[in-house]
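Mind docking chain A on chain L? Use the hints.
Listed in order, the protein sequences are those of chains L and A.
By this note's numbering, the letter at position 386 of the first sequence is numbered 386, and the numbering carries on one by one without gaps.
By this note's numbering, the letter at position 133 of the second sequence is numbered 133, and the numbering carries on one by one without gaps.
Keep in mind that the hints were calculated from the coordinates and are not lab data.
Ideal Cβ placement from N, Cα and C applies to all residues, glycine included.
Take these hints with a grain of salt, some might be off.
Where chain A lies over chain L, by a calculated footprint (3+ residues, C-beta under 8 Å) [as the list claims (entries may be wrong)]:
| no. | stretch |
| --- | --- |
| 1 | 73–85 |
| 2 | 156–164 |
Here are the simulated distance ranges between beta carbons [claimed, not checked]:
| no. | chain 1 | residue 1 | chain 2 | residue 2 | range |
| --- | --- | --- | --- | --- | --- |
| 3 | L | Leu256 | A | Gly116 | 29 to 37 Å |
| 4 | L | Gln500 | A | Tyr197 | 40 to 48 Å |
| 5 | A | Gly135 | L | Lys59 | 14 to 22 Å |
| 6 | L | Tyr267 | A | Glu390 | 36 to 44 Å |
| 7 | A | Ala219 | L | Ala261 | 38 to 46 Å |
| 8 | L | Ala261 | A | Gly116 | 46 to 54 Å |
| 9 | L | Tyr267 | A | Gly85 | 38 to 46 Å |
| 10 | A | Ser183 | L | Gly132 | 20 to 28 Å |
| 11 | L | Gly22 | A | Gly306 | 49 to 57 Å |
| 12 | L | Gly150 | A | Lys246 | 49 to 57 Å |
| 13 | A | Gly306 | L | His284 | 29 to 37 Å |
| 14 | A | Tyr197 | L | Ala261 | 22 to 30 Å |
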Amino acid sequence: MIALVAALPLAFFFQVVQPPGGYTVAGAVVDSVTGAPLSKARVFLGGTAAPFTTGVDGKFRFDGVRAGKHQLAVERIGYMRQSFAQHSLTSGLSTAVVTGKDQATGNLVFHLMPTAVIEGYIRDASGEPVAGMTVNALRAYGVGKNRRLGGSFVTSTDDRGYYRSSMPAGAYAIVVCGHPSQEIASVQPMAYPVTFYPGSTDPSSATFLTVKPGEEARADMTLRAGPSIRITGEVPAAAGDLKLSMSVAITAPSLLGGQIAVSSTAYVLAGKFTFTGMAAGKYHLQLIRNVNDQEPRQVLGAADIEANSDPSNVSITLAPPQKISVHLTLRGQPRFPKSPLVASLDPIDGTYSSSAQIGADGKGVFPYVVPGRYALQVRMGSMLAVESVAVNAAAQSGIEVDVPETGSVDIEAAASTATVNVAGRIVRGGQPQPEVLAILVQRDTWKKIGIYRSDQSDSDGTFAWSDLPPGEYLAFAVEDGEPADYDMADALRALMPVAQPLTLSGAALQKVELKVLPLPK
Amino acid sequence: MARQFCAFLLAASSAFLRAQIPETKPQTTVAGTVVDSATGQPLAGALVIANLQPPYSPDEPRPRQIPQQRAVTGAAGRFSFDTTGAIGGTVQASRQGYRSENNVASAMVVLRGDFGNTTVRLVPQGVITGRVLDGDGEALPGMTVEAIRIEIADGRRELRENYARAATDDRGEYRMWNLPPGSYYVKFEGRVSMRNYYTANAAFEFADLAYGPLYYPRAESLDAAQFLKVEPGQTTNAPFTAEGRKAYQIRGRMANAPPHRSFQIRLLRGTEQAASRGAVNMAALTFQVADVVPGSYTLQIYTADGGPLWEGELPVTVGEHDLVGISVGMVTGIEVRGRVQSGQQDIRVVGLLRARRVDPLGIPGAPGEVYAVQGVDGFTFKGLLPGKYEIETNGAAGGYISSIRSGNEDVLADGLTVTSGGAPEIVIEVTPGGGMIKLQMDGVPEEPVPGQSVQLLLVGQNGTARTLQSGQAFGNEGGFRFVAPGDYTLYAWPSSHEVEFRNPVVLDSLSQYATPVKIAEGETKEVTIKPIPPEALP
Chain L
1 MIALVAALPL
11 AFFFQVVQPP
21 GGYTVAGAVV
31 DSVTGAPLSK
41 ARVFLGGTAA
51 PFTTGVDGKF
61 RFDGVRAGKH
71 QLAVERIGYM
81 RQSFAQHSLT
91 SGLSTAVVTG
101 KDQATGNLVF
111 HLMPTAVIEG
121 YIRDASGEPV
131 AGMTVNALRA
141 YGVGKNRRLG
151 GSFVTSTDDR
161 GYYRSSMPAG
171 AYAIVVCGHP
181 SQEIASVQPM
191 AYPVTFYPGS
201 TDPSSATFLT
211 VKPGEEARAD
221 MTLRAGPSIR
231 ITGEVPAAAG
241 DLKLSMSVAI
251 TAPSLLGGQI
261 AVSSTAYVLA
271 GKFTFTGMAA
281 GKYHLQLIRN
291 VNDQEPRQVL
301 GAADIEANSD
311 PSNVSITLAP
321 PQKISVHLTL
331 RGQPRFPKSP
341 LVASLDPIDG
351 TYSSSAQIGA
361 DGKGVFPYVV
371 PGRYALQVRM
381 GSMLAVESVA
391 VNAAAQSGIE
401 VDVPETGSVD
411 IEAAASTATV
421 NVAGRIVRGG
431 QPQPEVLAIL
441 VQRDTWKKIG
451 IYRSDQSDSD
461 GTFAWSDLPP
471 GEYLAFAVED
481 GEPADYDMAD
491 ALRALMPVAQ
501 PLTLSGAALQ
511 KVELKVLPLP
521 K
Chain A
1 MARQFCAFLL
11 AASSAFLRAQ
21 IPETKPQTTV
31 AGTVVDSATG
41 QPLAGALVIA
51 NLQPPYSPDE
61 PRPRQIPQQR
71 AVTGAAGRFS
81 FDTTGAIGGT
91 VQASRQGYRS
101 ENNVASAMVV
111 LRGDFGNTTV
121 RLVPQGVITG
131 RVLDGDGEAL
141 PGMTVEAIRI
151 EIADGRRELR
161 ENYARAATDD
171 RGEYRMWNLP
181 PGSYYVKFEG
191 RVSMRNYYTA
201 NAAFEFADLA
211 YGPLYYPRAE
221 SLDAAQFLKV
231 EPGQTTNAPF
241 TAEGRKAYQI
251 RGRMANAPPH
261 RSFQIRLLRG
271 TEQAASRGAV
281 NMAALTFQVA
291 DVVPGSYTLQ
301 IYTADGGPLW
311 EGELPVTVGE
321 HDLVGISVGM
331 VTGIEVRGRV
341 QSGQQDIRVV
351 GLLRARRVDP
361 LGIPGAPGEV
371 YAVQGVDGFT
381 FKGLLPGKYE
391 IETNGAAGGY
401 ISSIRSGNED
411 VLADGLTVTS
421 GGAPEIVIEV
431 TPGGGMIKLQ
441 MDGVPEEPVP
451 GQSVQLLLVG
461 QNGTARTLQS
471 GQAFGNEGGF
481 RFVAPGDYTL
491 YAWPSSHEVE
501 FRNPVVLDSL
511 SQYATPVKIA
521 EGETKEVTIK
531 PIPPEALP
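Bound-form chain L, shown alone (with noise of 0.2 Å):
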């Protein structure tokens, strides 16, 4: 899936006559679990220079406000920083607030979610702690049966075996995985498998804890050691003709079909490479070419192996990546005119994107392209409408590209210029409402690529979409959770009673009304 970074809301087409004290920006920051008034928080408001610092009352005032949309962020020692009326802790959206005639700003209530902490005891079967352990708490976003893991918070367990993490709320799945202590190791030979909460090392059987804000969780495990196992493996091109320096990582199954790092990288030296200490189980290598950091990962090849026996072999088919070539023909006459073209092929299935740099000549090369299918993306300053997409001279219907493991690519791709922009309210029985999400889907491609664009309406009940490509969307209201919680075909799928379908074309300026609608049961 690819998730599209919003864009943040402009304030574009007001049309405000400003009085002369300006407006004001008023209310109380307070704990949103408990109620209280917030002392000690910085209050930063969109476009004012200074913060203002709350006092017992958790009150903060600003005066002398210019009209238009600001955004308002609170900093407190003990909270993570966050925006107005943010969903979660891990949405990226929030609620400007309005100022003009008849906006009510004077009285605003900032509930500041605190975090939520999860915490336990990991020992081994005799009931010893288990120093050392990586700990990590995988965020799950989705509801039901519509799961899909986000980031990771990662701690280690004291000697005491205990580990405690505050993390936001939300749904999390406990994985704990590391290596006994390694002078034991080498006497009495054992691993700890990777070990899911409440206590299996089948990733299936792995139940989510959910966390509310401010609450504290507790999880203790207990670790069953098993066989220690070298895992090792040759690379059989590498050690001839192919003089690059690359590194094995190692992962194992995770939930919903994740994978989850069990160990560091294992350098390739003479085609041949080497895991020592690990459990019994099936892992997943990544053949990795090594790059610098600010170059992307490039995957050069994979295996999968069933390590059961000591020591367990595995061969790892280096798969030169494919050089591939564009040609792109553009039309139109672009927004932002001095920013690069760039082409890239965010992968469908895998991890790993490739971007191409187009020349003045409409050409360019997508360097070290893992096989699989992509999706075709053209960028230039902001996201530009992909019209047609042929691969080595064959018609393609959408703006998918299928990277064989041989045989050369040639893609010719035309896209255009031509962005709509979109200025959007939310209502409810012609009321508008604030602090409600606006999901944009492609028509055509949601099911592969999921969300296109996503904001929060303000408190005025507006909200942006900027720099879209022409074409049929479909547009969704929804009241709870962030977008990541839908950026799924299965949790798209069960929001489509609701979907309002939009074509956008021509126009630069497209005004838009979406309705909440209440999802049928």
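Here is chain A on its own, set in the frame of chain L:
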């Protein structure tokens, strides 16, 4: 014929050696217990390694090897190894959360044929933990606490900074574990972070109030701090209350700096690090420091990426506003040359010749000791950063060092000053000759015992400078050669005890144990000395 003859000899010598081993009760195993030194209780889960040695035979060109044996103790802490064919060796034990009595990873017991029951003692490590609250009693999360271990090494009291570090959690709690027993200062550092980046300037969260640094219990500087004693297996509580103070930022650029290097920035208040968060734009060579409480500081920027060291220092004063637009000139390490001067051509400084940075602004991680590259026509110290250095040698063969000068500077008395322009040539004057002191230790066994030696110290005077020569005696004999003529005092103590002898106050406190010696040119003096009893050492 020849082969047979050799075989006969081998058999004879083995029989001879076997005869030396007490045969009263032939032991074929060494067994023992690993115990917790604090509780005396047996320790389960300890790794025990036996390295056993066969008898030495002069007829075997390469000594036979007995394979290493390993075991992990069970609930009773017991281990047992086969000692067939061994006359001695060692048994080593280690366990997570434990170290040896002399603070190394594993405790060793030397076996000298007396296989039987042996006990290996492991010292449980300690914990320092505590809560950090602000003036309102509210927890301060995400802040750093540091343990500074106090050690004495080579006669100096050394503060091992960053011996352990921990971050406070959401309750303001921190925990530093696996600490070897000993003395520690605990420092609440406040918010500490350092970023190197290529993009526009970074914004710092909570940048209006700064917390710390504080030394336990509530001192703003190390002088007023109280050290904590960490006992084996014990948890020591060190809570802090830190008031937030109004803080400002320092922003500026580096001059003459190498691009695309990774930098560290720190603020020193006097000689101690203040709490600060820094950020450097590696391309634009600009920097930013947050959490600066009004006051006077030394701002230090230095490379910390393993490449050649660059450094810049600037005194700054921050008032009730941000300090912006300052420029810090960067310099890299410089070469300082020197030579040895003597009446005789062939006299050289032997072995070690090093410059040791002694000014308190020394950079962490920077080479504090630079060894000279010695050539035919002199020596060179490479990569010396501006600062104050002590030149240390372990003497000259055939003579004694009578002076070390660099231009007008008396390096022996005042140290060597290196500026960004370097330093004048160092001239080490060696006077051929000198006297000799032969020492006989009173009450020390004649045979050297592994792990038991005597520390010797010869204290003299060169002009205004006190000279110190240290050595070790194995068994009951020791001494000093090529001693400059003059008056000296001698000290000896068991080297298992570290004494801060470079501190004049500590040395003077031992004056009642000093043995005066006067040495004339060419004289050899025999002195009997009694090591200071451990209970009398500070």
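| Can you list which hints this structure breaks, lowest number first? | Those not satisfied are hints 3 and 12.
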